[in-house]
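2 protein chains.
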Amino acid sequence: QELSFGQYSLVYNAFSFTFATMAAATLFLWFGRSQVGHAYKTALTISGLVCAIAAYHYFRIFESWQSAYDIKNGVVVASGYAFNDAYRYVDWLLTVPLLLIELILVMRLSAEETVSKATKLGAAAALMIVLGYPGEIATDIPTRILWGTLSAIPFVYIMWQLFAGLGASINSQPESVRELVKKARLLTFASWGFYPIVYMIPYTSLSGSNVIVGVQVGYTIADVIAKAGVGILIYMIATRKSQVEY
Amino acid sequence: QELSFGQYSLVYNAFSFTFATMAAATLFLWFGRSQVGHAYKTALTISGLVCAIAAYHYFRIFESWQSAYDIKNGVVVASGYAFNDAYRYVDWLLTVPLLLIELILVMRLSAEETVSKATKLGAAAALMIVLGYPGEIATDIPTRILWGTLSAIPFVYIMWQLFAGLGASINSQPESVRELVKKARLLTFASWGFYPIVYMIPYTSLSGSNVIVGVQVGYTIADVIAKAGVGILIYMIATRKSQVEY
Ligand SMILES: CC1=C(/C=C/C(C)=C/C=C/C(C)=C/C=O)C(C)(C)CCC1
Ligand SMILES: CC1=C(/C=C/C(C)=C/C=C/C(C)=C/C=O)C(C)(C)CCC1
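Residue numbers (the numbering used here), protein chains in the order written: chain A, 1 to 246; chain B, 1 to 246.
FYI, nobody ran anything at the bench for these hints, they're computed from the structure. Heads up, some of the hints might be wrong.
To be verified - Some chain B residues well away from chain A (every beta-carbon gap over 10 Å; in silico):
(1) F17
(2) A23
(3) N73
(4) E113
(5) I145
(6) T149
(7) I153
(8) A164
(9) I197
(10) V224
Claimed, not checked - What follows is a set of in silico ranges between Cβ atoms, one per label pair, in the way DEER data are often shown:
(11) A:A82 - B:F189: 47 to 55 Å
(12) B:S116 - A:M159: 28 to 36 Å
(13) A:I197 - B:S116: 24 to 32 Å
(14) A:S79 - B:G6: 32 to 40 Å
(15) B:P174 - A:K182: 35 to 43 Å
(16) A:M200 - B:S67: 36 to 44 Å
Every residue gets a Cβ at the ideal spot worked out from N, C-alpha and C, and that includes glycine.
Given only the sequences and the hints, what does the whole structure look like? Please build it.
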């Protein structure tokens with residue numbers, strides 16, 4: 001069924017909201033660099049970058065959404081210009097490895113361990129996203145399921161690495177941030193787990209414009225939490241650890 | 001009745017004025033970060049962010065207003081593109097929690113108290129705005145009253161918390177800023193109280209274009225005071241407290 005004006009506006013406003021949130025989070029995190037110890041500046045630089053890259057892509061996604069429809073007197077018609085789903089995947093290709101690096105950096109592991117973990121998880125993340133995209137743009141469900149399942153293999157590997165890896169390092173964190181690190185891990189799990197769930201919306205009994213709205217709004221909420229939400233937690237961990245260590 | 005050219009221009013220029021004011025306030029507050037003590041930098045970062053987010057939304061509101069009307073030879077006709085009321089509510093959803101956090105930060109409470117107060121008030125603020133929106137876009141008065149009344153419940157809670165909370169902490173502030181903190185509180189009350197009053201304009205005997213102009217100009221004035229005005233006071237409090245404490 002066709003997109004109603006209310007549905008169109010919901011997605012439109014969600015994109016505008018997310019652009020503003022990501023841009024604001026970027027500046028907050030970068031300003032925060034001057035308030036943390038030397039060892040945590042890179043983590044804030046990268047958290048800010050993740051949000052900046054997302055702000056750029058949400059700006060483009062917003063414009064793509066706007067040009068994909070013609071609205072006159074409250075009636076929404078497809079304009080003939082396709083909405084570009086690729087922006088999201090391009091964004092993830094950049095931001096997911098960066099998010100993983102940011103989580104690793106805030107742990108303050110040894111230099112070697114940092115590089116080896118970042119390389120392995122970064123590669124797995126790229127693979128996950130590259131395998132997911134053909135499914136996202138597929139027009140039939142079996143193709144979507146096929147690529148989604150392949151993409152889930154590196155996904156499970158990453159989740160397992162994060163759980164095991166972060167779990168071990170939590171006990172070596174200063175008392176005052178242990179709770180925050182646990183929260184960062186929980187928020188990462190919850191927000192990352194949200195993406196494959198959104199991906200599966202077309203498998204349900206929902207159809208037509210409801211699927212479009214569900215997928216767009218779903219990924220948008222997940223992005224706000226995974227990027228800006230986790231970024232703020234990283235900032236809080238970094239300031240508290242700086243107070244203890246510097 | 002129809003919007004006259006004078007009415008159209010008044011709103012148009014009010015939006016442009018507010019964009020410029022918010023952008024200027026943003027830069028003023030961010031430049032001020034280097035002039036205050038460490039503990040107050042975050043308050044100025046956030047005050048600036050509130051104004052930056054508002055500048056973005058006033059830019060969009062301005063453009064939305066422009067595209068909602070066709071003006072030819074001084075005659076204003078609706079263009080068929082709806083004016084997007086949601087920008088304001090999206091803006092508030094982001095800026096109201098931030099404003100509350102900024103007020104809490106400048107009090108310099110303990111870390112725990114800061115987080116707990118920020119969470120409670122932030123959640124109440126989000127609820128207030130989400131409940132207000134369906135009323136704002138409702139086309140009949142009873143629906144407007146219903147949602148407005150629901151929205152007033154978290155509003156009263158926030159006002160009470162601020163009054164009680166800020167009241168207690170005022171006496172623990174240094175002598176030199178006590179008056180300023182009182183002013184910040186007063187300005188917050190006055191400006192916040194202005195929003196529900198503007199919301200009630202359609203209940204009055206005003207109608208048609210007068211309601212549109214009253215609501216747009218009313219919210220705009222309230223925003224300038226609540227964001228830029230309170231921001232400048234926060235800046236003054238932060239510089240004076242820095243002189244005493246650093
Ligand atoms: C498992 C899986 C997926 C997972 C996507 C994830 C986990 C994306 C995370 C994105 C983040 C964290 C972005 C924030 O920067 C896809 C590709 C939807 C395809 C279906 C299977
Ligand atoms: C009580 C009430 C309202 C209150 C709105 C307020 C209090 C908004 C404050 C906005 C601020 C402070 C913005 C600045 O950043 C609504 C939503 C109009 C709906 C009617 C009932």
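Do the hints match the structure? See the list:
no.	hint	verdict
1	F17	holds (20 Å)
2	A23	holds (14 Å)
3	N73	holds (23 Å)
4	E113	holds (15 Å)
5	I145	holds (22 Å)
6	T149	holds (23 Å)
7	I153	holds (24 Å)
8	A164	holds (26 Å)
9	I197	holds (25 Å)
10	V224	holds (18 Å)
11	A:A82 - B:F189: 47 to 55 Å	holds (50 Å)
12	B:S116 - A:M159: 28 to 36 Å	holds (31 Å)
13	A:I197 - B:S116: 24 to 32 Å	holds (31 Å)
14	A:S79 - B:G6: 32 to 40 Å	holds (35 Å)
15	B:P174 - A:K182: 35 to 43 Å	holds (37 Å)
16	A:M200 - B:S67: 36 to 44 Å	holds (37 Å)
Of the numbered hints listed earlier, not one is contradicted by the structure.
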